[in-house]
Structures are given as C-alpha cells and as structure tokens.
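**Student:** Construct the entire structure; sequences and hints are all you get.
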Amino acid sequence: MNYKRKLLFSGLWLLVGLSAHAQADSTQAPKKLKEVIIKQHMNTTKVSLMKPMKVEEIGKGELLKAACCNLSESFETTPSVDVAFTDAVSGYKQVQMLGLAGPYTLITRENIPDVRGLAAITGLTYTPGTWIDGMQLSKGTGSVLNGYESVAGQINIELRKPFEEDKLVLNVYQNSQGRTEGNFYARKELSKRLSTGFFAHARSQWLKTDQNKDGFLDQPLGNQYILLNRWFYHAPKGFEAQAGIKGVYSTNTGGQWNYIKGDEQQAGKPWGYELNTKRLEGWAKIGKVFPHKPATSMGLQLSGVYHDQDALFGNRVYDARQKSLYANLIFQSIIDNTNHVIKGGLSTVLDDYDELFGAKVYKRTEIVPGAFAEYSYSYLDKFNLIAGLRGDYDNLYGGFLTPRLHLRYAPFKKTAIRASIGRAQRTANILAENMGYMASSRVFVIPSTANSFNLDPEVAWNMGVNLTQKFMLDYRDGSFGVDYYYTHFQNQVIADVENPGQVSFYNLSGPSFAHSLQAQFDYELIHHLSMRLAYRWYNVMSTFSGVLKEKPLIAANRAFANFGYETNNSWKFDYTFHWTGTKRVPATHMMLGFRSPSFVQMNAQVSKMFKNNIEIYLGGENLTNYMQHDPIIGADAPFAHGFDASMIWGPVMGRNIYAGVRYNLK
Amino acid sequence: MKRLIVFLSIIFFSSAVFAQQNKDIVTEHYKVSGNCEQCKKRIENAAYIKGVKRAEWNKETGDLTLIYRPSQTSADAVLQHIAKAGHESGQVKADDAAYKKLPHCCAYKETGKH
Chain A
3 MNYKRKLLFS GLWLLVGLSA HAQADSTQAP KKLKEVIIKQ HMNTTKVSLM KPMKVEEIGK
63 GELLKAACCN LSESFETTPS VDVAFTDAVS GYKQVQMLGL AGPYTLITRE NIPDVRGLAA
123 ITGLTYTPGT WIDGMQLSKG TGSVLNGYES VAGQINIELR KPFEEDKLVL NVYQNSQGRT
183 EGNFYARKEL SKRLSTGFFA HARSQWLKTD QNKDGFLDQP LGNQYILLNR WFYHAPKGFE
243 AQAGIKGVYS TNTGGQWNYI KGDEQQAGKP WGYELNTKRL EGWAKIGKVF PHKPATSMGL
303 QLSGVYHDQD ALFGNRVYDA RQKSLYANLI FQSIIDNTNH VIKGGLSTVL DDYDELFGAK
363 VYKRTEIVPG AFAEYSYSYL DKFNLIAGLR GDYDNLYGGF LTPRLHLRYA PFKKTAIRAS
423 IGRAQRTANI LAENMGYMAS SRVFVIPSTA NSFNLDPEVA WNMGVNLTQK FMLDYRDGSF
483 GVDYYYTHFQ NQVIADVENP GQVSFYNLSG PSFAHSLQAQ FDYELIHHLS MRLAYRWYNV
543 MSTFSGVLKE KPLIAANRAF ANFGYETNNS WKFDYTFHWT GTKRVPATHM MLGFRSPSFV
603 QMNAQVSKMF KNNIEIYLGG ENLTNYMQHD PIIGADAPFA HGFDASMIWG PVMGRNIYAG
663 VRYNLK
Chain B
26 MKRLIVFLSI IFFSSAVFAQ QNKDIVTEHY KVSGNCEQCK KRIENAAYIK GVKRAEWNKE
86 TGDLTLIYRP SQTSADAVLQ HIAKAGHESG QVKADDAAYK KLPHCCAYKE TGKH
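Heads up: the protein sequence lines correspond to chains A and B, in order.
Sequential numbering of the first sequence, starting at 3, is according to the numbering used here.
Sequential numbering of the second sequence, starting at 26, is according to the numbering used here.
Please keep in mind that the hints were generated in silico from the structure rather than gathered at the bench.
Hints are not guaranteed to be accurate.
[As the list claims (entries may be wrong)] Ranges of calculated distance between the beta carbons of each label pair, as one might list FRET restraints:
| # | chain 1 | residue 1 | chain 2 | residue 2 | range |
| --- | --- | --- | --- | --- | --- |
| 1 | B | 92 | A | 595 | 56 to 66 Å |
| 2 | B | 130 | A | 602 | 40 to 50 Å |
| 3 | A | 310 | B | 123 | 38 to 48 Å |
| 4 | B | 51 | A | 565 | 28 to 38 Å |
For every residue, glycine included, the Cβ atom is placed at its ideal position computed from N, Cα and C.
**Tutor:** Now the structure itself:
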C-alpha cells in the first residue's frame, strides 16, 4: 500500500512540476500527502548524487544570504552564474552561464518558460527573492520536455506554494543608494482542496546618485510594482489544477543628472534614458494521475504573455511589444517497471513581436509546433540514462530535430559522474538582448528585409562532463565538484562591437565556441561554519568579421569564496569574496582596445532571527567600493559620436549598505 | 588535473586516517522522540554540546547517531541536553515545561508517532 501511494504521489508531483528535473525530488507535494512525504529543508545549495542531471538546488537559505532583491541579484552567492551590468545607465544586470549571455539560459517559472523574448534582460527583476521557494540550476542542454531553446543551461524558479510553509511573509528593505523595497506574500487555504497565494512587490529608486561623478545617474529613478495571484486545486481521483496571473508595471528615468522626462533629445540638452514596461502573464497547469496504472500521468501547461515596453536612449527610440502563447502536453508512463520511464508529448510556442527601433519597424510572428519523446532508464542507484528527441517546425526557419542525451554513473556511494550532450536552437531577439549597446552612439547595423531581421536562428551543440564527490572529514560533511562544458555554435547571431561607433549583427561565419571549467569545494569547517570555494575558467571565442577573437567583456578567470556562520541563537553571518579576472575591452573612438584590470568585490551580511519570527538584517555590497573609473566614455558629450556607456567591465555602483526586516508567520 | 587528483586523494586519505586513528571517539545510537524536519534541527542543535563531533537524527526511524569524545562528554549529558529541549529518549524523559514549548509538528506525544 505504502509503495503504491508513494508511486502515485510521485506521479502527481511529476504532473505538477512537469519538469525537466523530473527525476528530482520536487519541492512540492499536495497537502494531503504531508504525512507521507516530508519536505526537506534546503538551507543552502545542494547537489544531489542521485539525479541523472547535475542540479544545483538553491534553497531559501541561500537566497537570504543576499537580502537583495530580485533574481539577478540572488545569484551573488552562486559561483556558476556571473552577474554583470549591461551598461552604465539602465542599472540592469544580466546573468551569464558557461560564458554565454543570459538569453542562452532557459529561465523557467515552475517549468514554464518565463524570462525570454523582450524580457530577456529585464525579466530577471520581475521575480523578487522573497517570493521564491527554491531554484534549480542545471548546466548544459536540459530535457527535451522544456523545449529546444536552452543552450547553456536551465534555471527553474519555484514560487511559494499556497498549501504549505509560511502563511505570511513581509519584507522591507532600504539601502544607502536610495532604494526602498517592500515585499508581501500571504496564502490561504479556502478548503482542503482549494488554496490561493497572493504576492506583491513595490520598489522605488527615489534618490539620485552619481558616485563616479560623471554627470550621469548611476541607476535610473523609477518605480516597480508587481502583483501575482495563484491558485491550486487538488481534486479527488488524482486530478489537479493550478493557475496564476502576474502583472508588472515598471518605470525608469535616468541618464544625465538634469534630465527630466520629456526633455527634447538633442546636443546641448541633458541626455535621457527611459524604460517603461507593462507586462501581463497568465498560466495554468492541469494534471491527471491514473490511479489504476502505476506511474502513469498526463499534464498540460499553458501560458500567455503580453509585454509592452517603451524605451528611450538619448535620441534613440525603442518601443516593443511581445505577445506569446505556450502550450505543452506531456504524457508519462512506465514500461514494466519504474526503471523504464517514457515521456512524450506535443508543444506549441507562438511569439509575436512588434518592435520600433529608430525609425524602422521590425515584425516577427513565429509559430513552432513540435513533438517530443524521452526515455529514462535506471539501473539500481548506479546508472541512469535519459535520451530525448524532439522535432519542431518553425514557420520562419523550417523543421529541425533536437536530440539530447544525459548519463549518470555512480561508481561509489558518494560519487557521481555525469555527462550530457545536446542540441539547442533559438531565435535571437537582437534588440532586446542588446539593449545595453543602445546606451551609446553606436550605429546599429542590422541586416533586414522588409520588416524583419535577415538573420538565421542560432544553433548550438553543448556537451559536458561533471563529477560530484561527497565526503566526510573529521565527522563533518563536504563535497567537491568539477564540471567542464563545451558549447559549439553551428550558427550564432554575432553582436560585433569591434568597430568603433558600431554594433553590427550578422550570422556567424567561422568558429564560435565556449569552454567552461569550474571546480567547487564545500565543507563545514567547524560546526555551523560553512565554506564554499570555487574557481572557474572560461575560454569564449567567436569569429568577428573573419577574425577569431576572445569575446569582449567576459572574464576568463574568476575565484569565489563564501563563508557562512550560524549560531544556536539564530545569528547569521555571511561573507562573500569575488575575484574577477581581466576582460578584453574593444577599441572605441576615444580609446584603444585594452584589457581591464582584475578586481575584488566583497559582500557581507549579518542577520538575527528573533523569537517572534521577526528577522533583522544588515549588509553591505561591494564593500571595498571598487568601481570602474569613467564607465561612460565621452560622458561630457553624449550626443557626439564618441559616447559609449556600454563598455562595462566592472562595478558601476560603489559600496552599498542596506538593512531590512523580514517577518514570517509559520 | 594532476593537482586535482592529488588534492582529492589527500582528502580521502586524511578522512580515513582521522576515522581510524582517533581512539577517543565513539559512535552510538539512541532513540529520540520527534516527528518532523523542525524536530530534526532542534534535536541535532541540542546534541551539539562540547565534545560532540557529529549528531544526526533520522526522522523516519527516530534514530540518533551520536559521535563524541568520551573524555569530554558522555551520552547521558547529551541526552539530558536534548531532553531539556523537549525531546525525550529511552534514557531520559523530557521535562513537561520544555515539551509544551515544542512547535506544533513536534508534539510527538499527541500524534503517537515514534
């Protein structure tokens, strides 16, 4: 009986999660199962030895290490992800994995593609850290169940579930750079079956700051409001449904100190930056477990996005609209026993883009129906294989196949060796993904026919191997991991900034690849004092106008250390150290090309949880106050041809001290 | 890569040496009452007194694996400390006041588990 129940419940999970990490022990379980499956608290980042794919489980505890604020900032303590400013004007940061820019990573909300399209860069700020239950980060092409897009990896975000854990969460945050933020979460179980969660976020950057004294605001003034409401319904007979809706409203006004919204954009007047975004998302998941057929289930995922943004970079106008629909139907069953699991299904992605850039309109309607199948085999706890294949037909670029293979072998109990290889394809949204370059006088050279980009889809093969070794040393646990990934581009849309005053887009002609090697060591030095050391090395090269060169603005070397200490009376201390190596900075009108200096950044945080569930935190980012000098080239003449705020290799903002309060009602 | 292998083998080797050489270390098992993940944290935290090298409580079986230095502490001292936190063992009863303060999910006497 117990076995059957467990089987049924794991089936249910798969349905709810419908996940690429399907083999993973998901963090969610219907409420009625609480007595059977007790959730593991993941206080920090963990890598399981059992999953066929190497997945870094980033728990709430890890997210709290950097109190601030949204997704792009929550990776500060994760060595696998690099976070860097896109330019010196917008204040946006973008993530990087395996040496590849953020858009090459598939970012999903509960396994539905989320941060993509026009929101490829800005979308990371639409999920506040306090809303998140946990994240799963995996490198390499993931499962075919989640589509064909992920080149570098997948980051899946699980939001808080309305049927478990904290009933109410409040968070108020203030920093020394004039940013105030409030987050709210509450859940309600309306009945045994029906539950709802309500999420709210408000953020205001109300203080003008110019720490580098270049006359430009370090980050724009503006407000951001996000609301989210989700519902869960656990029906009898293995039927389950959930739905959610999310709205984002965000304003940004920045640029030169004296710029006032609406000022005319011409030489002699203050240079202005604006980005105003309205975004609405809705999604639903419906799942059914067949109680009489073991481990057999079906699930449907639906989502829709409307995204509207108006941007201004000096006299450059960029207004864009995206409408997207996504549907994914997955069927899962077993052959004979749970050692042989098959999954299959159908999916459709519809993207409709309407972009106005300068005086030109670009339109694209892309519809990609597809079918997929995946077979998983496991032999005891020793060996796993996941082989997936999908076929998709793109109305603009034709049909293509996406094969993917994952292997895991555990020679010893505490050792796992994994390997993966797969193909990925995506259509670049060159404007949205390269908005940082708009903060310059660079001319955008875009090949186009009529109202569309004349560019091919990006096609890449990614392969990787990794080793995870856990150990116990002097009765305390530790782990060691090393991974190596190689991404080879068959085609890539190159954003070439090698020529001063230009950014030109074209299809790759010649080699383009990324090698990534990372080693990480985790150990509990003394009881309650954890240490994480990591080093990673990239070799990312592309062919720019016939010449193979190191990709600009990417650090080949990076070292990382994190120490966390927790006392029995709920004091927490956290300290992070980053060393970022040199980067190649291409030549501009005003300067020859050069290598940026390496630099060190430190973050630290102290927090204290009181008996009444109130937690107070105080922290600092970039404690050494290291800043890139003159991040804006030609800042004194922003309408002249030498102006460039996009050659960013270091921190644009100086030391930041913050404090806040969290309240959790269990 | 070579360095890596050396580094790794040092870790394994040294952990094996640590485990074998230290005579002033005992590993014992005790049944301790509790139900949930929260209890696990409570029990393990209470068990870490001076002289305790490792304390791991299994919430499925209620089994506490205790590794400590007999020269510095005793199993009884550890179990006393756990009982003070409200979790009783076969050897030491929890005091009522502490039991009443337990979080809801840890109220093992009510649910009859373990």
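**Student:** Taking 28 to 38 Å as the hint, is the beta-carbon distance of residue 51 of chain B and residue 565 of chain A inside that range?
**Tutor:** Roughly 31 Å apart at Cβ, these two residues keep to the hinted range, so it holds.
**Student:** Do the Cβ positions of residue 310 of chain A and residue 123 of chain B conform to the proposed distance bound of 38 to 48 Å?
**Tutor:** violated, 58 Å
**Student:** Return holds or violated for the Cβ distance of residue 130 of chain B and residue 602 of chain A against the range 40 to 50 Å.
**Tutor:** Given range 40 to 50 Å: holds, Cβ gap about 44 Å.
**Student:** Look at the Cβ atoms of residue 92 of chain B and residue 595 of chain A and judge whether their distance stays inside 56 to 66 Å.
**Tutor:** holds, 58 Å
Checked against the numbered hints listed earlier, the structure breaks hint 3 alone; every other hint is satisfied.
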